[in-house]
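Asks: Below are the chains, spelled out letter by letter.
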Amino acid sequence: MSQKKNKRPKNLNLLQIHLPVGGVVSILHRVTGVLLVLALPLGFLLFQRSLHSPEGFAQTAALLGSLPARVLLFGVAIILAHHFLAGVRHLLLDLDLGISRNGGRLGAWLVLIGVAGTALIVGWRLFLWP
Amino acid sequence: MNARNSGSAHRGLGEWLLQRLTALYLAGFMLWLLARFALAPPTDYVTWKTWFSAGWIQLAFALFFLSVLLHAWVGMRSVFLDYLKPLWLRFAAHVLLAIGLLALTFWAAQILLVEAAV
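Line by line, the protein sequences give chains A and B.
Residues 1 to 130 (my numbering) are what the first sequence spells out, left to right.
Residues 1 to 118 (my numbering) are what the second sequence spells out, left to right.
Treat the hints loosely; a few may be bogus.
Unchecked claim - Estimated spans, in silico, between C-beta atoms of each pair:
{"#": "1", "chain 1": "B", "residue 1": "A38", "chain 2": "A", "residue 2": "N13", "range": "45 to 55 angstroms"}
{"#": "2", "chain 1": "B", "residue 1": "T105", "chain 2": "A", "residue 2": "P68", "range": "37 to 47 angstroms"}
{"#": "3", "chain 1": "B", "residue 1": "T105", "chain 2": "A", "residue 2": "K5", "range": "44 to 54 angstroms"}
{"#": "4", "chain 1": "B", "residue 1": "T50", "chain 2": "A", "residue 2": "P41", "range": "19 to 29 angstroms"}
Don't read these hints as lab results, they were simulated from the structure.
Every residue, glycine too, gets a C-beta built ideally from N, C-alpha and C.
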């Protein structure tokens, strides 16, 4: 770091500045990653119960069919979709794809649109499926 | 701060590569599982259980659990390194994470070897 006095103007007015969309997608990638790690034990538990016995399978199926569980599954699906798509974006950035200023923005918007699309499909499947 | 004295050299590259290799496996596995469940959802216990009798399914799930836990280790570690400034807090978080992920590893092995075994 330079020790020289920085004379450039500062503008930290939060009403005027904001994180660019690529930054939003990137920080959400971290947040969703941490949330997914926290969800792991629950997933392990359900997986174990479902394989343990016929009763365990029936209990797990009934539990997953309940409304609170479906709301939770909906949340996990959105979180996973974001982490997945933002991760694909990061892998493409490693290959220098979508690395330009406009390409980065486009990629970030595509991630958000993909998440919204996934939310619509999963929501329909979880709540409106006949 | 001098970057040369902050840790062993070249450690970052291994983690960087590990995070990407596990990401590729996880992505492929998730898409395969999603397609499998969309086409033929397990409707009863016997179908579900016998699905795991194939050796390659067991292997695919074992690799999945291993990938998830390694991916979680590298990811959580970089979050801790960026946001937890006091050394004791960072150290404590790493220890808890290591214990937690190690416990999940044994749990996953137990599920696959005991519950999913034929």
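Asks: Are B/T105 and A/P68 spaced within 37 to 47 angstroms by their CB atoms?
Replies: violated (29 angstroms)
Asks: Looking only at beta-carbon atoms, does the pair B/T50, A/P41 fall within the given range of 19 to 29 angstroms?
Replies: holds (27 angstroms)
Asks: Is 45 to 55 angstroms respected by the C-beta to C-beta distance linking B/A38 and A/N13?
Replies: holds (48 angstroms)
Asks: Do the Cβ positions of B/T105 and A/K5 conform to the proposed distance bound of 44 to 54 angstroms?
Replies: Given about 52 angstroms between the Cβ atoms, the range holds.
Consistency with the previously given hints fails for number 2 only.
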